[in-house]
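Participant: Order-wise, the sequence lines are chains V and A.
Numbered according to the numbering used here, the first sequence spans residues -1 to 251.
Numbered according to the numbering used here, the second sequence spans residues 151 to 372.
Hints listed in this document are in silico derivations from the structure and should not be mistaken for laboratory results.
Just so it is clear, the structure is predicted and the values come from calculations on it, not from any experiment.
Treat the hints with care, since some could be wrong.
Lysine-lysine pairs mimicking PhoX-like chemistry, simulated, CA-CA at most 20 Å apart [what the hints assert, rightly or not]:
(1) A:K258 x A:K193
(2) V:K47 x V:K58
(3) V:K104 x A:K288
(4) V:K126 x V:K108
(5) A:K188 x V:K47
(6) A:K288 x V:K108
(7) A:K288 x V:K126
(8) V:K58 x V:K8
(9) V:K104 x V:K136
(10) V:K136 x V:K119
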Amino acid sequence: MGLTIKINKKMNGFRLDAEWEIGNELAVLFGYSGAGKSLTLQMITGLMKPDDGTIRLNEKTLFDSACNIDLLPRERSFGYVFQDLALFPHMSVWENIVYGAHGLSKTERKHQAEDMIDRFKLVGSVNKYPSEISGGQKQRVALARALIRRPDALLLDEPFSALDNPLRIEMQQLLKEIRREFPIPIVFVTHDVLEAHELADRIIVYANGSVIQSGTPIEVFTKPATSEVDILVNTRSRLRQAVETLPCTTVLP
Amino acid sequence: MADDTLLFSLKLSLQVAAIATVFVMVVGLSAAYLLSRKNFPGKELLDILLTLPLVLPPTVTGYYLIVLFGRNGLFGRHLYAWTGWSIMFTWYAAVLASFVVALPLMVKTARAAIESVDENLIRASYTLGHSEYWTALKVILPLAKKGIIAGTILSFARAMGEFGATLMIAGNIPGRTNTMPLAIYSAAGSGDRSQATVMVIVFTLISGLFLYIANKLSRRIL
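Using the sequences plus the hints, can you model the full thing?
Facilitator: This is the structure in structure tokens:
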């Protein structure tokens, strides 16, 4: 059970070569912007095709270049939250959420939508349009829309990166609740080390299109596999070092 | 008699433009969707062919239509052999001419509108389990509505004012194919200034009224 990927892709001089496996846990893909994290998500959902490799979700093969298997995005059961959330501007909150309930019967759709509205505290906003609600509400609509059809896995592409700090913390709590209530693999992309530390059951560290370490936060933070990982995760201790050396340089003529 | 000509040509013009616009919407929207979202061999050629009537003199477009649909034309020949009927010099030909010259306006505006729809919204629809057809219907077309309405208004106006290509393949037969622009041409050519003036005023008023309604309508919908 879980999500297993082994993908290879060359494009515009960039090479992605990633391989990892996660269970029903919250995995954070962590690394600098441009390391290939979002690209990995797009290939998992089928929005982009790897050159070769395999992608499996709960024993189901979604992509296998050797066997010529490449399911369409709509045939893969993922909840995907885009970086810009991609809420439909011409649909109300209710319509946005119900739009995610593809394949459910009409009564089931209504029932699930009401459940999601309740769970994500959107009761007063069902008839509003995305342009009329707050940033936090937009986040919750995007999560509700992604989860309403009970996907087999949830993928989030830096959804909180544009939020101010209090709201970001609120969303992180919400995501932890989701993790408790939905026993599915959750993949969360971020370049924020604090966020990675706060949320992850497992951290998968990306650099230049490759996975350079995968492990629990404690493993990655205390035993970085390479100096590259050390630089990525220990930004704060490096900052302290830099500050400590400052007075020496200022006394120089 | 003069009033008869006016009423008949006005009714015919509206009828021709309305029917041509229905075809323009179906064909133009499909073509705009294909050109904006698909890659296929001959795409450039299709784009050029659909745009040409916009820049060619209507007489050239009309001549091509004769070559294609005339009694001895490429397609018209077979149609005539089967049915003994030809589209030439019927009001259907006026519809065909209006359709061909109005089509590029729809394709251009609708294509620009479809291309301006945020790609992430389309991808979101796919990841939510929806097919391409459903996504086009529920996400792309509603978000491109403004451009599609504009394209429809422009097409109708262009179809209504079509003259050159219509003259070439539908002729200017009183009581059969004389749409208003053609009737005005006849009246002016035969020196009947008073009738020409009346028709010009009526045509201008009706076009203006139509644009006014279209503006109001689009402001309410958008």
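Participant: Hints the structure violates: just list their numbers, smallest first.
Facilitator: Numbers 8 and 9, in rising order.
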